[in-house]
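Start from chain A and add chain B according to the hints.
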Amino acid sequence: MKNHFLKILLFSISVFQLEIISFTQQNEKIWFDGLGRSYFSRDNVVSNGDTISPNNMSGGYNLIDLNVHVNPIPNIEVFGQVRVQNQFGGFFGSGTQIDVRQLTARGTFKNKIKFSVGDIYLKQNRFTLYNYDEDLNLYKSDFYNSYKSIIDYENFYEENRWRLQGLQVDFSYKFDRFIRTLEFDFFTTRPRGSSQINSALNTFQSDMLLSGATIYSKISNSISAELNYSTLNELPNSGTQLKSVKNPVYQIGLIHNYNAKKFNFNSKIQAGFSERSWSYKVGYDSISHRKLGMFFEYKSELSKMDTLFNISWGSRYVDPNFRSSAAQSRRIDMTESNLTTIYTTYSNDAVIRPISVFDIISDLNIYNQNISPTLMNFNPIFSNALPYGDATPNRIGVFLKGFYKNKKKYFDINFSTSFFSEVIGQGTSRKRTFLTFSQLTKVYLNEIFNHKKEFNFSLGYLNQITNREGDSIEFINLNSNHIDFKMEKELLDKVYFNFSTKRVKALGNEYLTVRDGFDEIITFQQVDYNRIDYLHALGLKYQFKKDVYIDIQYNFWGSEFNRANFYDFDFQRLLFIFSIKL
Amino acid sequence: MTKNYIKCFILIFLSFVACTKDEFEGPSLQNLYGDFSISSPFIISNSTPNFTNNETVKFFCDFNKSVDWKITIKGLQTGSIKEITGFSDIIDSNVVSWNGNTSKVPFFGEETCALELSFLTEPDTLRDTLIITGNKIYDGILVADFENGIPQDALVFHQFSMNMTFDTASDDPLNGNSYFKMGGRMGWNEWFLGSIDFPLDMSSVNSSAEDFYINLGVLSGINGEVASDQFINILISESNYPFNDDLSNNASDVFQDTMEVYKYQIRPVDWVGWNMVSVRYDQFEVKSSGGNNIRQPKNITAIKLQCQSCPGLSANCPENMGIDVRTDVDFLIFTEGADILNQ
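Keeping their order, the protein sequence lines are chains A and B. Each residue of the first sequence is one higher than the one before, starting from 1 at the first, in our numbering. Each residue of the second sequence is one higher than the one before, starting from 1001 at the first, in our numbering.
Okay, chain B solo, but in the shape it has when bound:
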């Protein structure tokens, strides 16, 4: 009886032991507290990519534990920067790749790029180079790149005050060889400096406002300084009224208070150099509710870029008496599904 009992007890206990498992719960202690080491070298799949042909560059490296890593690609001529980040113990070439886009404008050109693999919590850095042999072509509906001057149908209006620059220029383009300068200095107490209007036909677009992006390169800063409270208003009209019905006013006629107009303000424009601003259409507010207040990209008929700034004669910003406003623009493009820097 006693022997059988002991046998039963041992059998039950052994069956318990068989239940133990070799996995573990929670994050790996090695990941949290182990010393870091790189298990294999940093490999790039293509050192002369031609992004025009949709080529990509794939990356591979693996480590003994999961870390926060960052791949930085810097164009040595343009200064464009692309950053790819992750937290893992492997940079998997099936997942981590580069298609020639940028994280920070200007865009990459045909140039040599410096590559750097660094880690947030470790001092190690791995370096390499590659040469871009063909630029990436961005998908989207290009509204204006100013390569052939101001588009024919566009309407430009500006105040006649000091140093007004509402024209194309070639000295510092974001993309291609030309851009549109919007700036100057107001000699009286007026915020509005000028604007440029483009007629549009978006009837072939099927995206919703949540998937429709307005992307605009904006250049600011003169000698490292910017005017106080300078900004750009983007107005989008869904009105079917004729774009340029009144030929006497140098501005389109589809942004009136009685029409369906939406507005987004890039305010302030307080950086030095180029910056790519991307805004989803559903982020636009209703400016004048002449329509159904439903933002529908396919109904867009015109876009207006307004340059505004706090006037120097105002008591709020007397410092603007000594500096010109600069809100130059380039590469106005609509994209669907993702903004331009995430293509």
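Isolated chain A (complex conformation):
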């Protein structure tokens, strides 16, 4: 097996050296695919006041991910991904890394039971196991999609799934009376292994397991039901930590589907509850810091059969104590210790640079791949209404969203609005309210003017207003505006000129919550915002085909804080990406 693996590796490197751009080999037992990428960036400081930071810095890498798929027997596939990465500046072996990035075996037992072992991508219900999009992600738009595709690929973000390591099994039954189908899915994974925290003190972190099950049944043509369960557990005996978390979450949903001639009407009602508790080796009793919470959601969706129009609406209640680790873990932890890669410190005082719009768009290292048993930090200027997605605790409200696609393909419109309120106040009995409106319009000028070459622009807008009435201490008013604009013109065949700009302006005040290790709020930090983040990008892109492109960009980005003793920053970047999906 090792020899076989070595052959594969050597073969992959030789393929890379021969500069074969794209290839796929397939036969009955083994086939390959993968991805190659060259990445180079050069950043420089524009702010004149900063005499400590280097004026410019550059870096990059070449990498190839070779995916090997092996079918040792029919219905069984073994998948391995090997990465060879070489940092620019490395010379031969120096700076070169070879990693096994993914390993999975999957197959079917007797054409009845499907299974996957190893790296698996899991998603359940939005309240039990779900990897919500990061902040500023407006309708999964294609703004800055070169950056976005790298971030998603490097962090294993696929369709709001968490990439975990473990075992998954699913199977289903069909019936000819009472109910039509009954589908089962079970998984158990280990998001975190036992590891040493401090070698001097000989302390170890415990194993963390995430397990769950889904049962889905199509009761009739129009009615179906689902049951989801997930549970996060730390195993106290696998470490030396004094406390271990346990977080089971239950969800049940009923779906009604009605098909008319031209429209489809779909309604779903779901509810669930969670328990999050800690067991202790010493000190506390078993009910200390125990939280029990529930949620309830009603949602209806009306869509045209031709998929050109869709509108959905509903209402949701999520209890302040609802805790679902696998649904509430954020992609970006906005804690101060989450450091940016580019210019981590800036200004002559060498202060830590806060995460800005540019970092959210471009910095893959600030992203998280782990499940957190406690609520992670968020920045209210980027996301205040639903920082933990639909599973955000302490929210009650209504929402409406939809899209319309012009039949002649002249334009698409996405829109969304919601109004939420806190269920319980924070630091006061008065409650915050959150009003959000967003839209994204894409206009295809080439269709309007009947040009063959692509020419389009997109305009996105998000406005979030947070309010809390009350006296001068309780009062909150935070207005956050997020504007996106992108224009794309095909100059020559498959050569595109891009201009895009993103601007986030936040004005007002808020209180940031500071929580302890048990997720309890211990204090509030008063903050005032008058901040503008911006990112402008000019670029040329040569798209050989859908997943093979060269992208050259120049970015202008920075933040203006408009506060005394808080330095603004202003940077520029030259970016080159050559990406090949094999």
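The hints are all genuine.
DEER-style ranges, computed between Cβ atoms:
#: 1; chain 1: A; residue 1: Q572; chain 2: B; residue 2: D1062; range: 56 to 62 Å
#: 2; chain 1: B; residue 1: F1087; chain 2: A; residue 2: R563; range: 28 to 34 Å
#: 3; chain 1: A; residue 1: G517; chain 2: B; residue 2: F1060; range: 35 to 41 Å
#: 4; chain 1: B; residue 1: D1062; chain 2: A; residue 2: G193; range: 50 to 56 Å
#: 5; chain 1: A; residue 1: S472; chain 2: B; residue 2: K1058; range: 32 to 38 Å
#: 6; chain 1: B; residue 1: L1313; chain 2: A; residue 2: N565; range: 55 to 61 Å
#: 7; chain 1: A; residue 1: N565; chain 2: B; residue 2: F1060; range: 41 to 47 Å
#: 8; chain 1: A; residue 1: N55; chain 2: B; residue 2: F1087; range: 47 to 53 Å
#: 9; chain 1: B; residue 1: T1085; chain 2: A; residue 2: Y153; range: 55 to 61 Å
#: 10; chain 1: B; residue 1: F1060; chain 2: A; residue 2: M294; range: 40 to 46 Å
#: 11; chain 1: A; residue 1: M294; chain 2: B; residue 2: G1337; range: 46 to 52 Å
Just so you know, these hints were derived from the structure itself, not from any lab. Keep in mind it's a predicted model, so treat the numbers as computed, not measured. Cβ coordinates follow ideal geometry from the N, Cα and C atoms, glycine included.
Coordinates of chain B only, in the frame set by chain A:
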């Protein structure tokens, strides 16, 4: 159909609204960021307490938000100080009271005391006075207060060098009218100046070592200065050997290397004035393991206080050639459950 649907939707939403709550999570914003004000005056329940009769003084005051507050009671004659602290929006008289004890020796006497209520983060200060009409009686097993001189059974030994003071005195007692002076100056290269040993019978004590406290008042400093590295060794013996078997040596015979002896060092004694030192018995280390190495208060048979100091003739502390050692002691008392200042 549509009307029914809308009705259902509104009903569901209204039922949600009914779920909102009037409490709040986290600390009160008023506490964190609100302006501070005192809602009611500072009240003391008893302005002439007689602590001998177990009377207490209760305090009351309330504020508009929780703050770090401190009540300071200062004896105007003795200079004794008692401090009571807390973080709350009310000083509850059912919880906050004073029984006449002190936070910093000397002990309170029958005297007028100044009271002060202050706040860590606010400039406000409230003041009052009271008169102590009877001193607090401390519970414990008194070993020595030197009011009638050196106890009869005690054994005193000291070197014969300069200014040796191993005797009682009345000029600056911690409690009562007398105390025991332990000090002097060594004329040769010797750390040990002298000691005083007391025989004990603790057979009636039931406390464990964790609940048993040795409390000792220690006076240090001459003209505001202290000798370098002067200290007191406290030795406790659980040996059943006769206390004074050898009459020729002016010291007890139960602290030998073959016996069950435990030791605690008050080192350095580097303060000026009186200080009350309280040590739990389980904090004592094994000096000589002639027994089972289990500290059992009921088995204590003797205690020794040794005065030691870095000698001036040593190269380490030549400055001690010009200053006398002073580690005077008073009010040696054993307490159970709590140290003496927390009674």
